[in-house]
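Protein chains in written order, with my numbering: chain A, 15 to 364; chain B, 15 to 364; chain C, 15 to 364; chain D, 15 to 364.
Think of the hints as simulated: they come from the structure by calculation, not from any bench.
Each hint should be verified, as a subset may be incorrect.
Identical chains share a label here; the pair holds if one copy fits it or two copies do between them.
[Stated by the list, open to error] In the DSS-like style, the derived pairs of lysine-lysine whose C-alpha atoms are separated by at most 30 angstroms in a straight line are:
#1 Lys102 <-> Lys156
#2 Lys235 <-> Lys156
#3 Lys267 <-> Lys235
#4 Lys182 <-> Lys223
#5 Lys20 <-> Lys134
#6 Lys223 <-> Lys134
#7 Lys102 <-> Lys20
#8 Lys267 <-> Lys182
#9 Lys182 <-> Lys85
Protein chains: 4
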Amino acid sequence: MSSKTKVRVAIIGSTGYGGVELIRLLSSHPQAEVTSVISSSSAGAPIAEGFPHLYEIRTELLDDIDPLAIKAKADVVFTATPAGVAAKLAPQLLAAGLKVIDLSGDYRLTAADYEQWYRKQSPEQEYLDQAVFGLSEVYGDKVLGAELISNPGCYPTATLLGLVPAVKEGWIDPNSIIIDAKSGISGAGRGASLGTHYSELNENFKAYKVNQHQHTPEIEKVLTDAAGEQVTATFTTHLVPMTRGILSTMYAKVTGEHSTADFIQLYRNYYEGRRFVRIRPEGSYPATKEVWGSNYCDIGFHVDPRTGRVTIVSVIDNLVKGAAGQAIQNLNLMMGWDETLGLQFVPAYP
Amino acid sequence: MSSKTKVRVAIIGSTGYGGVELIRLLSSHPQAEVTSVISSSSAGAPIAEGFPHLYEIRTELLDDIDPLAIKAKADVVFTATPAGVAAKLAPQLLAAGLKVIDLSGDYRLTAADYEQWYRKQSPEQEYLDQAVFGLSEVYGDKVLGAELISNPGCYPTATLLGLVPAVKEGWIDPNSIIIDAKSGISGAGRGASLGTHYSELNENFKAYKVNQHQHTPEIEKVLTDAAGEQVTATFTTHLVPMTRGILSTMYAKVTGEHSTADFIQLYRNYYEGRRFVRIRPEGSYPATKEVWGSNYCDIGFHVDPRTGRVTIVSVIDNLVKGAAGQAIQNLNLMMGWDETLGLQFVPAYP
Amino acid sequence: MSSKTKVRVAIIGSTGYGGVELIRLLSSHPQAEVTSVISSSSAGAPIAEGFPHLYEIRTELLDDIDPLAIKAKADVVFTATPAGVAAKLAPQLLAAGLKVIDLSGDYRLTAADYEQWYRKQSPEQEYLDQAVFGLSEVYGDKVLGAELISNPGCYPTATLLGLVPAVKEGWIDPNSIIIDAKSGISGAGRGASLGTHYSELNENFKAYKVNQHQHTPEIEKVLTDAAGEQVTATFTTHLVPMTRGILSTMYAKVTGEHSTADFIQLYRNYYEGRRFVRIRPEGSYPATKEVWGSNYCDIGFHVDPRTGRVTIVSVIDNLVKGAAGQAIQNLNLMMGWDETLGLQFVPAYP
Amino acid sequence: MSSKTKVRVAIIGSTGYGGVELIRLLSSHPQAEVTSVISSSSAGAPIAEGFPHLYEIRTELLDDIDPLAIKAKADVVFTATPAGVAAKLAPQLLAAGLKVIDLSGDYRLTAADYEQWYRKQSPEQEYLDQAVFGLSEVYGDKVLGAELISNPGCYPTATLLGLVPAVKEGWIDPNSIIIDAKSGISGAGRGASLGTHYSELNENFKAYKVNQHQHTPEIEKVLTDAAGEQVTATFTTHLVPMTRGILSTMYAKVTGEHSTADFIQLYRNYYEGRRFVRIRPEGSYPATKEVWGSNYCDIGFHVDPRTGRVTIVSVIDNLVKGAAGQAIQNLNLMMGWDETLGLQFVPAYP
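With the hints as constraints, model all of the structure from the sequences given.
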């Protein structure tokens with residue numbers, strides 16, 4: 015396919031980590047190309063000024079946000095913007111005839127949940143209804159042909175891929191689920207604060223937003239859908255002194271007699287043909303570095319006969335499978351392409 | 015008190031991290047002094063050769079292990095040795111008239127549990143019976159006058175200080191307990207292996223020994239004692255890319271109506287007068303760096319009315335409160351001194 | 015000495031890293047005690063609010079800056095303030111009868127150099143004349159009885175202790191000196207910016223302020239003093255992804271025939287009796303971690319007969335010997351006490 | 015080009031960091047494919063056993079070293095082996111009709127220098143004569159059609175790309191050169207030792223092999239070639255607590271009147287058309303993270319009129335441009351392909 019016939023992509027929020035990761039990943043995509051990088055705060059400046067790693071690679075200036083101008087340059091827009099921005103922008107972009115893949119949390123919840131957990135005004139109901147939740151390996155079939163895709167959060171992606179098959183199959187008690195999640199610092203974005211200060215985080219480990227993280231309702235919504243009954247989960251998040259990676263350790267009561275090997279087989283069946291989920295063999299638990307820079311989600315299992323509980327360990331790169339990579343996977347699915355197109359990176363190890 | 019009347023201390027295993035941390039902490043102890051540093055593998059070499067940070071501070075040579083020679087130089091021996099060594103040494107040291115504080119796991123379990131989880135031959139029953147488990151804030155009253163003290167493991171210290179008051183009071187269902195623990199790498203000791211290799215661990219986070227860590231029976235033994243019934247717990251350990259620090263996140267079903275504030279009050283009462291446990295106010299959760307280099311254990315709480323569970327977050331410096339510091343605290347208690355003697359370090363921040 | 019007769023110390027800038035490190039180190043000083051912690055930006059708040067590691071250790075509220083009120087509580091003031099603040103404060107504090115030890119750069123340079131390199135208005139000449147430059151092992155004899163002490167910068171401390179003896183003795187060509195210095199991130203202070211953002215600095219190493227660091231004239235001034243002729247040096251600074259520590263690698267042309275062993279002997283003679291400078295034996299080069307948390311400066315040497323140059327490697331903890339520790343050492347010298355009082359910490363390793 | 019006509023590549027040393035990086039980079043090469051992964055120590059085991067990040071990506075077993083068997087599967091062999099191994103293997107591989115690209119230091123020096131600095135027996139002179147030193151941007155024209163390529167060391171690559179143009183042009187005094195180089199820990203390989211132990215290296219910075227690094231003669235050989243006279247350089251290496259990246263800071267006396275802008279122009283001219291060297295504009299100095307995971311070498315400059323010296327800062331990813339990436343670049347040049355084939359990765363940031 016020649017460059018002229020590639021799908022043209024614009025990125026709003028090109029000066030955040032999600033935005034530059036989209037640029038990195040799309041640089042080798044065979045059927046899509048980035049034709050506009052957009053930042054309202056830095057419009058007019060060369061993108062490489064704030065990101066010298068792009069020096070001589072991306073030489074264009076940052077565009078401002080203007081739906082009609084974007085439409086002239088692009089077919090699809092990724093919005094990698096702070097909470098509340100896409101809620102206002104997406105209707106305009108859709109009206110201009112663009113397809114939208116939103117990486118923020120704006121379209122993931124019901125209006126009430128959104129306002130409670132994000133403390134922002136919710137998008138209009140019409141657009142909430144229209145948005146497809148792009149957890150690729152679970153809802154991928156709904157993504158084909160969608161106009162507005164809501165890309166899942168990083169914690170929900172790691173967590174839900176580790177829980178959905180067992181909940182759907184009824185192998186675990188959905189109201190016994192405890193999720194202990196850990197994330198690298200890049201999940202907090204590029205904004206400078208005491209909360210992202212090197213000397214405060216290095217050689218340090220801490221819990222934050224205990225029982226109050228805004229990804230809680232997103233996780234519970236999908237678990238409820240999988241269980242066919244209302245699910246409430248315990249969800250605690252922690253910060254790890256590293257840049258990339260999420261590891262989610264999940265605990266639940268096993269219903270019935272299911273061994274570790276049974277769980278492994280159940281998940282292998284569920285994810286059959288989905289290249290980006292790798293189910294580890296018995297005794298092997300994934301580490302975040304083993305998916306670093308790639309779109310993989312690796313999952314390991316252990317059923318403890320002493321307690322009757324299963325421990326599930328799931329890892330992703332929060333900026334790839336947890337953000338930009340899954341967004342591109344959704345672009346592929348939306349366009350009817352192979353979902354792995356342009357995403358077959360080997361993890362960078364070590 | 016003049017140097018001549020100080021209690022004389024020998025350290026076996028002076029070339030490990032526990033051993034050098036004992037040297038660091040005891041250097042400013044007003045009533046104890048290190049008179050012999052011992053290492054069977056490096057006997058005859060200056061201790062500063064392997065630890066240049068001690069250059070010009072400790073100039074003596076490492077002694078070999080010889081109970082009678084130790085007795086000539088010391089009153090108390092700390093054994094900071096690999097699993098199985100103290101099981102053989104302690105009887106000889108006791109026979110020579112020395113008091114022993116063992117930092118390894120050799121005297122913490124029943125014979126059967128020890129052989130199952132450590133895969134070593136257990137110490138003789140006589141000495142298992144004699145050993146006092148030195149979790150200072152829980153069993154401190156039994157330490158006074160003891161001859162053989164078994165210093166708790168790092169994970170059990172952080173975990174049990176966070177659980178014992180609630181279990182004792184019956185505020186949580188002891189068989190609902192899930193412990194998700196995270197440790198810095200120094201907990202693995204100074205031995206070189208792929209498991210302690212910088213490039214493998216840096217920018218990485220992983221689970222290990224899922225449901226199979228050898229500290230499990232030590233934790234369950236104390237919880238069983240506190241609950242007055244047999245307790246089984248889910249316990250998973252993780253490695254954090256940092257050198258020092260343990261954070262234990264604990265989850266349990268709350269029995270009855272107890273708020274976050276209630277838990278805080280319960281723990282403040284339980285630990286009243288014990289300086290090294292700091293109960294955080296509501297909304298504050300401790301980070302490992304906030305106790306770095308010190309003997310503190312900080313604990314925070316959150317009861318989630320949505321799930322009926324309490325989340326307890328506890329942190330220590332694994333080499334201090336989780337090893338050398340608590341060992342000195344036990345020396346203080348054993349001798350009838352103030353337990354804070356020589357241990358009133360302010361955490362090194364940042 | 016009872017608490018009542020201790021020297022009373024106030025710290026202005028208690029919410030920065032220099033300030034809290036003073037609090038940590040002074041907590042065990044036998045003849046000084048902190049009686050007022052001061053912060054204009056957070057006056058009225060408990061100091062432990064911004065620094066939870068001090069919880070239950072320091073329970074007082076932060077005072078505002080008021081020279082007379084300070085005088086009522088203290089005898090000596092440490093100013094650990096941003097550039098330009100002490101230039102205004104010190105005259106008022108001196109006028110109130112307080113002794114001042116300034117940790118900022120305000121009193122280290124000539125008026126002209128200060129304005130060129132710091133881009134602030136210089137302090138009045140009278141006070142520049144009065145200030146004693148407290149590089150303890152070089153100018154310590156001038157510190158006794160001083161009223162205003164200018165504590166050296168972190169880079170100059172590591173660098174000058176490594177260069178002064180050889181320059182004084184004429185063993186190296188002073189105009190051939192190249193200083194390649196590396197610092198942990200805490201040297202940049204606690205302010206939040208992209209320059210202190212974890213994800214930008216972790217797994218990263220970079221040069222900054224090449225040939226333009228404001229510590230250049232401070233270094234050249236002392237080298238000029240030691241050489242007895244005008245010295246110009248090349249000085250480049252780098253950021254290391256760690257919190258604490260400075261390592262300075264220095265290169266110079268050796269004049270005459272001096273071996274590595276000769277250099278070691280020269281420095282041992284020069285620093286005889288000064289406990290905080292440790293000259294390493296031949297073949298041993300210091301690492302920053304080997305002085306972590308302590309007031310030591312360790313120095314190693316290698317003369318290369320192939321090139322006729324000497325390589326000198328010097329390390330300090332930037333927050334201790336490079337700031338708070340040396341400031342206390344200057345307090346000791348100023349008061350006529352043993353310079354090691356309250357500073358005999360063993361480095362925390364690992 | 016279909017897979018059948020791709021050049022077939024074997025990798026000896028597939029269980030080291032250089033080997034797995036070759037696998038990662040070659041996975042997207044359009045004209046080469048890895049057909050045999052070889053490890054004498056782990057032959058018969060699945061490669062993903064020791065490197066779980068390759069799980070389901072590379073499913074084959076490791077082959078043993080057997081030149082004829084390799085020849086049946088491959089056209090070109092990369093030897094990413096410890097010092098001394100390729101010296102013995104390369105003649106056999108060449109005799110079997112294979113082309114060899116050696117990533118070790120075995121073929122980089124004269125026989126006498128090799129034996130002095132590597133303390134191993136040198137390869138036979140015939141093969142030393144035959145080997146082409148593959149510093150791509152300097153000697154690339156000699157690589158076309160070569161049978162045996164010696165891939166440069168990581169430190170020499172970063173250093174020489176920063177020095178050769180100025181030395182060739184006579185703009186700096188070649189005998190005034192001082193090289194202060196810093197490397198991430200992955201440069202030490204995957205072998206476990208105290209020297210690669212996490213707790214020893216984290217939050218630590220140190221110099222090593224001062225004036226004695228085995229890359230010294232490799233650097234001096236190329237500088238001598240560029241200068242047209244014998245060059246001796248001062249070269250010191252340091253370890254940075256990070257996994258990947260080398261930064262080399264270089265100092266030299268400028269001959270004549272050349273500004274920073276002049277240097278920039280000189281280097282832009284020299285490297286014109288060579289995509290992997292990026293010359294930064296005035297005031298911009300590269301950081302290692304800005305080339306992480308990519309084949310770029312970025313270089314910045316500053317001429318200090320105060321001292322008459324130039325400071326040159328150069329960065330690479332030691333495992334890519336310093337090893338596997340440049341080796342593939344040499345494969346491309348050897349085969350007459352565009353040197354950027356399969357190497358156009360955007361650096362992974364942050």
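Of all the hints given earlier, name the ones this structure violates by number, lowest first.
-> 5 and 9
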